Amino acid sequence: MTPYPEPWVVGCRPRRSATGSLASTVGGPLLAVACWLIVLSCGGADPRREALEPLPQPDLSRFEKAVQDQLQRRHGEVEEALESEAPAPVLAAAFGELGRHYDVYELLQEAEACYRNAHQLAPEEVRWTYHLAVVMQSTGRLPEAATLFRQVLEQQPENQPAQVRLGETLADDNRPQEARQALQRALAIDPDSALAHYFLGLLENGEGRAAQAVTHLQKALELQPQATIVHYALAQALRADGRLDEARLQAAQVGSEEVRLKDPLVQALGDLRAGAAAHIRRAAKAQVEGYYEAARQEYERAIAADPANPEAQQGLAAMLLELDDLEGARRHFQKALDLGAGNAAQVHFNLGALEILADRLEAGLLHYRQALEIDPQLTAVRFALAKAMADAGRYEDATAAYDEILQLEPQNIAARLNLGLALARQGKLAAAKGVQEEVLSRDLTDGERAEALSHLAALEASGGDLEAAEKLYRRAAAVSPQGAGAWFGLGNLLGRQGRYPEAIEAYMASLAIDPKNPRAWLGEVTARVLTEDWTSARQRLEVALQEIPDDNELAQTLARLLVTCPDPEIRDTARGLQLAQQVFERSRSMESAETVAMALAAEGRGAEAVDLQQQIVGQLEAAGQLDAAAAARAQLERYRRLAIR
Amino acid sequence: MLELPPSARRRWCHQVGALWWLSFLVACGGAAPPAEDEVAPATTSQIEVPQREIFSDQSAAAGLDFVHFNGMSGELYYSEHMGGGVALFDYDNDGDLDIYVTQGHLLGKGKSLEDATFPPAEPPPFLDRLYRNDLSLDAEGRPHLRFTDVTIESGLRVDGYSMGVAAGDIDNDGWPDLYVTEWNGTNRLLRNGGDGTFEDITERAGVGEMRWSVAAVFFDYDRDGWLDLYVGNYLDFSFAVHRECTNDIGLADYCGPVSFKSVADSLFRNRGDGTFEDVTARAGVTQEAAPVLGAVSGDFDGNGWLDLYLANDEEPNNLLLNQGPDAAGNVSFKDDARLSGAAMNHQGKAEAGMGVHAADFDNDGDEDLFVSHLDQETNTLYLNEGGGVFSDRTVESGLGAPSFDSTGFGTAFLDYDNDGWLDIFVANGAVQGLRDLMLAKDPHPMHQKNQLFHNLGNGRFEDLSAHAGAALQLSEVSRGAAVGDIDNDGDPDVVVHNNAGPLRLLINNVGQDQQWLGLRLVGATVDRDQLGAWVDLLAPKAMGRRVRSDSSYASAHDPRLLFGLGDSSGLAEVEVTWPDGRREGFADLPLGQYSTLRQGQGSAPRVGG
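Heads up: the protein sequence lines correspond to chains A and B, in order. Residues in the first sequence are numbered consecutively from 60, following our numbering. Residues in the second sequence are numbered consecutively from -7, following our numbering.
Simulated from the structure, these hints should not be mistaken for lab results. Among the clues, some could well be false.
[As the list claims (entries may be wrong)] Subject to a maximum C-alpha distance of 20 angstroms in a straight line, what follows is the list of computed DMTMM-like cross-link-like pairs (lysine to aspartate or glutamate): (1) Lys101(B) <-> Glu432(A); (2) Lys321(A) <-> Glu281(A); (3) Lys394(A) <-> Glu236(B); (4) Lys575(A) <-> Glu601(A); (5) Lys446(A) <-> Asp434(A); (6) Lys341(B) <-> Glu316(A); (7) Lys433(B) <-> Glu601(A).
Values in this document were obtained by computation on a predicted structure and should not be read as measured data.
Turn these sequences into a full structure, and let the hints steer you where they fit.
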């Protein structure tokens, strides 16, 4: 698993969180204390102290207890330093630290007052100047931010984050020449600063130097390929440079991931966060970035900090789901409900889907219904409910559910199409046909039209009008050539008529669009077997298994072909047995056991085949499946004869 | 199959500037605030301060007593802070602009009016209102405005939770009709009977959109002579999916739009027989669902066919370019925003688009775009570089910094001083509680001042808000804004819809001092305003304007055109490109008054045909 990366600051303006610190600032306070002592010893009152802004007193009542305690502790430290008339650097550090804590909880006005005081008391301490500058920048006071960043750079000319931020600030303040100089200096410090390249690219773009813009933006992308936001500016630059095709390619890749700045001081603020909310925040970030294990751990920490937090429970459930722990997910979704989660309908929806995934249909339907009790307008839940019932063969219930959706959303084409299917499954062919014809009279996308035509074709086929069905399937394929469904239906129809070469062609067209449809592979292979084209049947099954390696039915079909094929060139009983055993291990189904028995017999291991087949017969009889048991018994007799021989 | 709750939240909106000092007064009870000029933006020090109020609020004097009831009771339902809108249209064809304004109602199960944070100013039922303009001239020939509430006698009974309104004559009978967008109900098409009454023909016309819509645009996209309808839908929000959100300092607050699913839009083609067909898919506008709040039509790529620009809330905007008819005669659109440069700001960041307007602010012959946004973003000015290619000129224009602390909604280009350069008005109001106001226990802590930006004619604007009069010092939760010459004196006035607040009528006091040309464009055989027509003014100055009622936020503008002419004199000459693509010239038009141009009565064009 990819390790969870150290977070960077995204751009400059956006708020921040992360880890790290600037080692270069360590010497500052000690030196300043010494200076302060000299001032005091000379008996002069420090005017800096008199110009301080009042100590902020924000209302903390809405924060978690842990956060309140943390902020009050820091506040107390400042009060203590004020009361004890602590030396300026000490007081500056207390104000600065309080400022950092306010900053991380977005109490920016309070943070600003504290940073100002810290900066006033200890102007030599770069940290406070820098934090104050960042607050100025993020609140749009650009000239003041630029001045402060310049002060930082006077003391630390190699401070790359300050240089980049200065460049951005100047650019936003419509001072392009100064911005360009600042960014070029940033690149002189670190030629691999993606953000400096990015801002330079934007500047060049704005001033009509498209080729230069392209160079900088391409470099930014090269340094941070995940920064998909850059594609947008690059597309504009390429377009302006007359490279339209390349511009289109870039435009198609535009995303929202921003260019990041390595900014240790700002990133260190993130470590100050306390309480469950801090963990939830980190978890959410990890989740968005796809680090589910890290997100899970953060949610667990949030729950440890506040077990009654429904948001944390729900977040953990979602992560467990991503990590395939269905039971864990179910447990925590339930806890979120018990704790009064605000979006209970959504939680019930998730729980319903979970139960259905776990083959607990009734429990799943119950959750869906509970979601709908909370929000009757949630058509996505109604749709899931209807589909679950249709999948379970409860077509009447499904019909009623689709009807309810259509009462709420008469324009819902998907519900209408599925209603037609559900009616067809109940044998109500005329009604089903009426529904599909009604759908076709509406304003549809090509995909929707193709689907409706395909459904109508299937209905015609059920009614025995194969010619009409074929025409409809072909119309559907013409309307939406990228719709696999019409080709698949056509393949089935042609196969049913014994028109195997045409059926193979249709299945192949379907598979070219959707190679993950096992039924299309099976249809095509069946058609090839029926034309006794064993070689291509085997080849296509091998390709199918590469596409869908875990499909038991495809593997079993190949196993049976390998052990029963009349063509000795194709037959491979050893591999057939191996495949059959793999399928059996995975599925433990009666069919797969029969395939194993078949393979054993073909391999000449008649006694083992007899033994296994006898068990199969016994289980089928015990289950009351007498027809299947009779067929299995006939097979058993064949194996016995083989064993005797 | 499993849908996870959205985790992202809108950022905590904070306020700097004057309010920054307020927090210290509240917190410490201490020092006096700085003088106003200490906190005003530095740029305003160089502004030539007007001698009198540019706009003055005359709503009370004119009898506009509407107060919006948003039905809030502390639950922070997402929809309650998003309404509403206003339309300026001449429903009785008496030559002056009347006002239609959208209303809300009480929200929440089991709530009573006693629970309302802001009790309604009127007893139920809470209806959208129609005010008739009874404009007259006083003894000295000055306009005297008086509005009369004619809701009841007009037969209008729109009692849903209305959001926005569009105006256009859908049946070519010469009487402008209305389309009202709703939350938690069906949008309504209200046909103007021409006798002072309206009829709800929604069902018959087939435009009963049930999803939450805000923006609607009447435009003849297929050039068949009938106004079609684009409905911009927003989010899938209902009481059932209402959720509690907190801001970054832990205070209960409105959620952001990412907390709810977006819904797709609808395009309805006017069949010309009083009914519409839904051609959304066929016309290629079945783009991914996006939270549309602002919509405007215009010919952005100059191919002669009307396009659409959609401002989306925290998602990339759409530029639906009209491809014209295919071989079968079907007209379709193609979204080209990402390549055209109008999808996001110059950094590639999608912003929270609220209101939008399109006009030729730099008088170079094509339509530019202005989109209002959330605070901590900036409003964005997209300059049309020709052919539908845009560049973000926000920073260079000077419009960025002054909008950083405000959340813009209704907006319009308007030449308030008739100098021939289009200025910008923005109605502001936050969408989450402003920190200082929340701490001060303000019951509606999102109010902000509206803004006016003066076009300097060199690509730059200056913020005149602080000097535009008392009306722009009001701090309210403004949403819709409609622009039109309400007192017929030749300059643009503004009506502002305030959420949970009074309707404001901002009368322009300065534009009439300069010369102007007013035009109304009507069809050859019907007196329908020719929405979408483009007028090139050839003399005494050169500039172009489009006839429109769409744009802004949830609102409809005066469809007449005003050309500000400064100190010009003489007669005017124009060339018109009608919505069907034909072009005609009209000369000898008198200045200082409105003229009606009828299609087919002009001369052959001098410039192009």
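These are the hints, each one checked on the structure:
no., hint, verdict
1, Lys101(B) <-> Glu432(A), "15 angstroms, holds"
2, Lys321(A) <-> Glu281(A), "16 angstroms, holds"
3, Lys394(A) <-> Glu236(B), "18 angstroms, holds"
4, Lys575(A) <-> Glu601(A), "14 angstroms, holds"
5, Lys446(A) <-> Asp434(A), "19 angstroms, holds"
6, Lys341(B) <-> Glu316(A), "9 angstroms, holds"
7, Lys433(B) <-> Glu601(A), "71 angstroms, violated"
Checked against the numbered hints listed earlier, the structure breaks hint 7 alone; every other hint is satisfied.
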